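Student: Here the protein sequences line up with chains F and Y, keeping their order. Per this note's numbering, residue 1 is the first one in the first sequence, and the count goes up by one each step. Per this note's numbering, residue 1 is the first one in the second sequence, and the count goes up by one each step.
Don't read these hints as lab results, they were simulated from the structure. Check before you lean on any hint, since a few could be wrong.
Said to hold, decoys possible - Partner residues are not named here, just some residues of chain Y that face chain F (Cβ under 7 Å, in silico):
1. 188
2. 189
3. 191
4. 192
5. 194
6. 195
7. 197
8. 198
9. 199
10. 209
11. 210
Stated by the list, open to error - Distance windows between CB atoms, simulated:
12. Y:102 <-> F:155: 30 to 38 Å
13. F:167 <-> Y:270: 29 to 37 Å
14. F:10 <-> Y:105: 32 to 40 Å
15. Y:105 <-> F:106: 35 to 43 Å
16. F:78 <-> Y:270: 58 to 66 Å
As the structure is a prediction and not an experimental result, all values here were calculated from the model. For each residue, glycine too, the CB sits at the ideal point set by N, CA and C.
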Amino acid sequence: MTDPIIRLSGIDKFYGDFQALHDVNAEIRTGEFFSLLGPSGCGKTTLLRTIAGFEDVTAGHVEIAGQSMDNVPANRRPTNMVFQSYAIFPHMSVAENVAYGLKARKMPKDQIATEVATALKQVGLEGYGERASHAMSGGQRQRVALARALVLKPKVLLLDEPLSALDKKMREQMQSELRHLQRAVGITFILVTHDQEEALTMSDRIAVMFEGRIGQLASPQDLYRRPVNRKVAEFIGVMNFLDVSVSDGTGDTFDCDIAGLGKVTIPAEQAPGGVDASVTAGVRPEMLTILSGENAHSEREASGIVEDVYYYGDMTYYDVKLDGVDHPVTISMRNTAGRSVLSRQDRARVGWGAESVLLLK
Amino acid sequence: MSQLAKWRRSEEASGWLLVSPTLVYSILLLAAPLAMVIALSFWTQDYLDLDKTFTLKNYIEAWSEPIYQTLMARSLKISAFVTALTILLAFPVAYYVSFYVPQKRKPLWIFLITIPFWTSYLMRIFLWKVILGYNGVINGSLLGIGVIEQPLSFILYNQNAVVVTLAHAWVPFAILPIFVALEKIDRSLLEAAEDLGDGPLRRFIRVTLPLAMPGVVAATVIVFIPTIGDYVTPRLVGGPNGLMISNMIELQFKKANNAPLGAALALSAMFLVSVISLIFVWLNRKYLVGQK
Numbered sequence: 001m002t003d004p005i006i007r008l009s010g011i012d013k014f015y016g017d018f019q020a021l022h023d024v025n026a027e028i029r030t031g032e033f034f035s036l037l038g039p040s041g042c043g044k045t046t047l048l049r050t051i052a053g054f055e056d057v058t059a060g061h062v063e064i065a066g067q068s069m070d071n072v073p074a075n076r077r078p079t080n081m082v083f084q085s086y087a088i089f090p091h092m093s094v095a096e097n098v099a100y101g102l103k104a105r106k107m108p109k110d111q112i113a114t115e116v117a118t119a120l121k122q123v124g125l126e127g128y129g130e131r132a133s134h135a136m137s138g139g140q141r142q143r144v145a146l147a148r149a150l151v152l153k154p155k156v157l158l159l160d161e162p163l164s165a166l167d168k169k170m171r172e173q174m175q176s177e178l179r180h181l182q183r184a185v186g187i188t189f190i191l192v193t194h195d196q197e198e199a200l201t202m203s204d205r206i207a208v209m210f211e212g213r214i215g216q217l218a219s220p221q222d223l224y225r226r227p228v229n230r231k232v233a234e235f236i237g238v239m240n241f242l243d244v245s246v247s248d249g250t251g252d253t254f255d256c257d258i259a260g261l262g263k264v265t266i267p268a269e270q271a272p273g274g275v276d277a278s279v280t281a282g283v284r285p286e287m288l289t290i291l292s293g294e295n296a297h298s299e300r301e302a303s304g305i306v307e308d309v310y311y312y313g314d315m316t317y318y319d320v321k322l323d324g325v326d327h328p329v330t331i332s333m334r335n336t337a338g339r340s341v342l343s344r345q346d347r348a349r350v351g352w353g354a355e356s357v358l359l360l361k
Numbered sequence: 001m002s003q004l005a006k007w008r009r010s011e012e013a014s015g016w017l018l019v020s021p022t023l024v025y026s027i028l029l030l031a032a033p034l035a036m037v038i039a040l041s042f043w044t045q046d047y048l049d050l051d052k053t054f055t056l057k058n059y060i061e062a063w064s065e066p067i068y069q070t071l072m073a074r075s076l077k078i079s080a081f082v083t084a085l086t087i088l089l090a091f092p093v094a095y096y097v098s099f100y101v102p103q104k105r106k107p108l109w110i111f112l113i114t115i116p117f118w119t120s121y122l123m124r125i126f127l128w129k130v131i132l133g134y135n136g137v138i139n140g141s142l143l144g145i146g147v148i149e150q151p152l153s154f155i156l157y158n159q160n161a162v163v164v165t166l167a168h169a170w171v172p173f174a175i176l177p178i179f180v181a182l183e184k185i186d187r188s189l190l191e192a193a194e195d196l197g198d199g200p201l202r203r204f205i206r207v208t209l210p211l212a213m214p215g216v217v218a219a220t221v222i223v224f225i226p227t228i229g230d231y232v233t234p235r236l237v238g239g240p241n242g243l244m245i246s247n248m249i250e251l252q253f254k255k256a257n258n259a260p261l262g263a264a265l266a267l268s269a270m271f272l273v274s275v276i277s278l279i280f281v282w283l284n285r286k287y288l289v290g291q292k
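So here's chain Y without its partners, still in its complex pose (with noise of 0.2 Å):
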């Protein structure tokens, strides 16, 4: 027997034919593009060509110039804001329908909270400008209504448009893993909170909301990383006020013709958001570790 045949038999050989499809669809798809921007953030662009020797002239830059800075704490506070206002959102609803819908139309209710993914992404986005737009629905109905004389100008290309936008995209996404921490919720936990003389205001904070963090810590997660990275709705809500550091990192690869700084402002994003995520799998374990 040739080792090729022995070794195509052994139990290794069946374990990497089994992993095989997700490790060619992982190194194409994502360690690969990962490396070459790796590489792209440590190289020089020389007009049209690449210029491959080593330098950390591009990282300097992206932490040093004003306008990258400015972008970077621009996008970390417009997430946290997404992030908090997504949680305020979600929190009421998973806590209504976990505790409130009857348990066979539970189901039926997580689907309907799911409705909203069946447009796309951008139709949701464009929907949002003829809601907040300057002759849109809000500011007509509150001039029809006479509340208003003038237009609201500051509900639209600015940062709050591009909050609003984005919470109302991630809500969803936040509102399941938060249901599904307040269902894992021994309802006999929050009748001995009672029972032991608690009313329903001080049983929510002593008993449910610390019993639902690992969802809301899992949601903050969630809706924290992509929003970081999102530069379709800052690019068709923002207005100038409201770029973030994708737009910039977009600038950087198409139009100034700057791919390794573009790679080194995205590496450096990539830093501050596994920073900050693994400060929260920190304190999403610390808050699991007294629940098993």
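Same shape as in the complex, but just chain F (with noise of 0.2 Å):
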């Protein structure tokens, strides 16, 4: 494995009594999608100003590329920034935006034409460069923000919710446009979003922050599926939580009573922050299955009252409750040929196995 292009360690943010950020640690691997997912205030902007030298760290240091940015100020570091509002200079041509940062560093004038028309044709705006920034529309700033920001070849790009004004059309296309990019360019990109979805089909890793805290530094699998705690398994995605209570752990395995849907082991991975008084179960509304027919079976099975349907044509979403618990829990079904869709109060069988459980903190 190649050394990570940047490497936080032990950093602390203070603006006066607020602690923005505590004791963040985190190396981030040269050339991968790098997301910061988080609710907005839990911190990821800061941290991202805080690599691209925006924001003094109270403690703790940032290295880029094995260089400490200790006293290096933004303008000489090798990070270029998109920035949610762009940022586009408003008295400046398309062009001449992009070029920006190529006369900072006097490169002449011939070779700018030339990198500024790459850059530009690299994303998508191919024959824009004589127009006026200001006539330009949201999904094509955003592109010259990029360009602007690509053109200077910066060994990490940073992306501080780039998508977030933008309809959700042209936010899906942007996505996998700038997937596409970050793989033909090569360049180490970390995003900001509070978008869980966009995180996750985006990164190769992504960091969940909460109240300035890394909660889980994973792949979108693995948070997605042995999310760390709580906190990150109700950000990530949907989870039901059950009461439970664990009447024995070998180390190994876990013995577990979880409410409503009767006594399990579990393996001690499925408990990835381990197991105290205040542990619960969760479980992925797919995880389920709602048993229809005389024929269907599981490796156990519970059984509850339908209390709502949401139907999406190719999924329909159940909230049961299930026999002994007050809250209902949410069930997700494929609608494939040949199965019937329960009512309201209909009475469900509930299949699940001992893999659909998780503990969590």
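Could you use the hints to bring the two separately framed chains together as a complex?
Tutor: What follows is the structure, given as structure tokens:
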């Protein structure tokens, strides 16, 4: 494995009495698409700005490509940023915007022209160079901002919620374009987002942040399937929580009694955060099945009453109140051929297995 | 229903009624006097009477006599200096308030900047006489600490004194538009400039200053136009060589008893100011276009 492009060690950041970052440690690998994900106010943008050099750290160190960034101002860091507002210079044309950083480096004029043309082509804005920047649409401004940063060939490209101002369709298109662009240029991207779907679909690895701390740093799959605690599990996708009493922990397995489901023995790897008195059982909607028809079987079975049905065409979501539990659990079912959709107040047989359950603190 | 009653209920009537106070005001106080001055400038003073035959004689005199040319050129020059000095003094203040004063203290700062207006303009000019005078504060201090042996005489009753006094009077007017322009600059643009490799100075030249230009142009117009026509300041601190065109206009209307020539001079000055202002308006539009 190559050396990490960015190493964050022990970063604290205070604004007066308010602590925005608590002892953040992370290594970001060369060439990966990395996301900082979290609710607003979790410190993800502060962390990004710390890497860019716009914020001083109160304690700790940022290292980029093996170089300490202590006392290195933003204009001398090998990072470039795409701002949330895009920050396109309104008094300059598209080409002048893209050329801004090259001029700062005092590159010869004809070379600037070729570089700018290449960068504009890369983001799909070929021939837009002479346009006034204020005449560009939101999506186009976004591309100008991307070209302006990429033309400098930074070691790391920082993206501060670049897609949040776009409408849904444009956003989805830009998501795949960004991904392709990242693979094509091979530059490490760090994306800040509050949209978990965006982070899951785009990233190689994700750091989920809460209240200035990294809650979990993992690949999208691990994050979804093995969240380390309740908070991460709640933030990524939908998770049903059920009370559980753990009677025996051998070390490799835990004997559990889950409210509404029943007794089961769970391997320790399904309790990634360990087990104590506060632990609850987490079950993803797709890990439960509605059993319909005489022949349907499952390793284990529970029963309940359908409280609500949400029909999405390809999928149906059920809110099912399991016997003995007072809040409903969500179950998602793919609407395959021949599978009937239940109605409200129907009795439902719920299939599950030991692998469906996570123990979360 | 009579025609009048019908008209009074129409939209047109309510429109006229709504603008009538301002309309009356502008006709009585702006249009009428201006029309009188224009008429006057084409007439001739014949001792105590006015000869109302149309003539361009006054304009020919106003544009050809060396004394008027000199005064006009001097007025433009002094105004240009005042404007330049005012902008140079105002920009750092506006910049400081916009970029370094905490958001919630900015109104207080702007309020403090307007404090000099609480004293009368005349009073402030007289205070400058006290400061710049032969036995004034500056000379007194410099003599006292032994820097000079004779009081400095080049600081009062000349063009320098006019420039200093006027610039001081107009700085607050220049601070406000520049401040507003600086406030409007999206701070992420400055971060972007830094991110793309500019140090503070280059960032200022490439981003802050161009984006502040509408404010600077507005301040220039606000200061330049009225200073050309100022006659109190040159009269009180200008001395014989600091007189400006408006002092001559005043002289023609009063002592020389030649109102038509005064009117022609006034309109000529107005014409020059208009031309210069239009250039600024054009410049401003050019800068503004890029920012919408």
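Student: Hint by hint, say whether it matches the structure.
Tutor: Structure-based check of each hint:
1. 188: Hint holds; residue 188 (chain Y) Cβ to chain F Cβ min 4 Å, cut 7 Å.
2. 189: holds (5 Å)
3. 191: holds (6 Å)
4. 192: For residue 192 (chain Y), the interface hint holds, since the closest Cβ of chain F sits about 4 Å away, which is under 7 Å.
5. 194: holds (5 Å)
6. 195: holds (5 Å)
7. 197: holds (4 Å)
8. 198: holds (5 Å)
9. 199: holds (6 Å)
10. 209: violated (10 Å)
11. 210: holds (5 Å)
12. Y:102 <-> F:155: 30 to 38 Å: Hint holds: Cβ distance 36 Å, inside 30 to 38 Å.
13. F:167 <-> Y:270: 29 to 37 Å: violated (54 Å)
14. F:10 <-> Y:105: 32 to 40 Å: Roughly 35 Å apart at Cβ, these two residues keep to the hinted range, so it holds.
15. Y:105 <-> F:106: 35 to 43 Å: Since residue 105 (chain Y) and residue 106 (chain F) have Cβ atoms about 40 Å apart, the given range 35 to 43 Å holds.
16. F:78 <-> Y:270: 58 to 66 Å: holds (59 Å)
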